[in-house]
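Colleague: Sequence:
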Amino acid sequence: MSKMKGLLAMAMMTAALAETFTGEPSKRKIIHEKDPDEERMRRNNSEYERNTKQGLKLFTYGENQIWARNQENADRKAKLRHWL
Numbered sequence: 001m002s003k004m005k006g007l008l009a010m011a012m013m014t015a016a017l018a019e020t021f022t023g024e025p026s027k028r029k030i031i032h033e034k035d036p037d038e039e040r041m042r043r044n045n046s047e048y049e050r051n052t053k054q055g056l057k058l059f060t061y062g063e064n065q066i067w068a069r070n071q072e073n074a075d076r077k078a079k080l081r082h083w084l
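The sequence shown lines up with residues 1 to 84 when you count with this note's numbering.
Certain hints may be false.
[What the hints assert, rightly or not] Using 30 Å as the maximum straight-line C-alpha spacing, the simulated DSBU-like pairs for lysine-lysine come out as follows:
id : residue 1 : residue 2
1  : K53       : K77
2  : K53       : K79
3  : K57       : K77
4  : K79       : K57
[Unchecked claim] Restraint-style ranges between C-beta atoms, simulated for each label pair:
id : residue 1 : residue 2 : range
5  : R81       : R40       : 47 to 55 Å
6  : N73       : L7        : 46 to 54 Å
7  : W83       : R40       : 16 to 24 Å
Hints were generated in silico from the structure; no laboratory data involved.
C-beta: ideal position from N, C-alpha, C; glycine also.
Based on the provided sequences and hints, a complete structural model is requested.
Modeller: Spelled out as structure tokens, the structure:
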């Protein structure tokens with residue numbers, strides 16, 4: 001059974017490489033790059049929403065920030081990162 005899986009994997013990789021080198025244009029959509037600041041703000045907002053839904057709070061240690069459920073857990077995480 002193991003040989004069969006290996007042969008199947010090799011056949012799939014060969015087929016993928018064959019499609020790559022045929023010279024046909026890629027069918028992937030071109031994604032326009034967004035403004036890095038806009039992308040960072042969008043990512044931070046989604047992170048904030050996700051973490052607050054899970055009941056986490058943001059704790060700040062100098063310029064560093066940690067998401068944790070309470071102060072005790074935040075202090076433990078900060079000590080592990082040598083921020084305290």
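Colleague: Would you list, in rising numerical order, the hints stated earlier that this structure does not obey?
Modeller: Violated: hint 5 alone.
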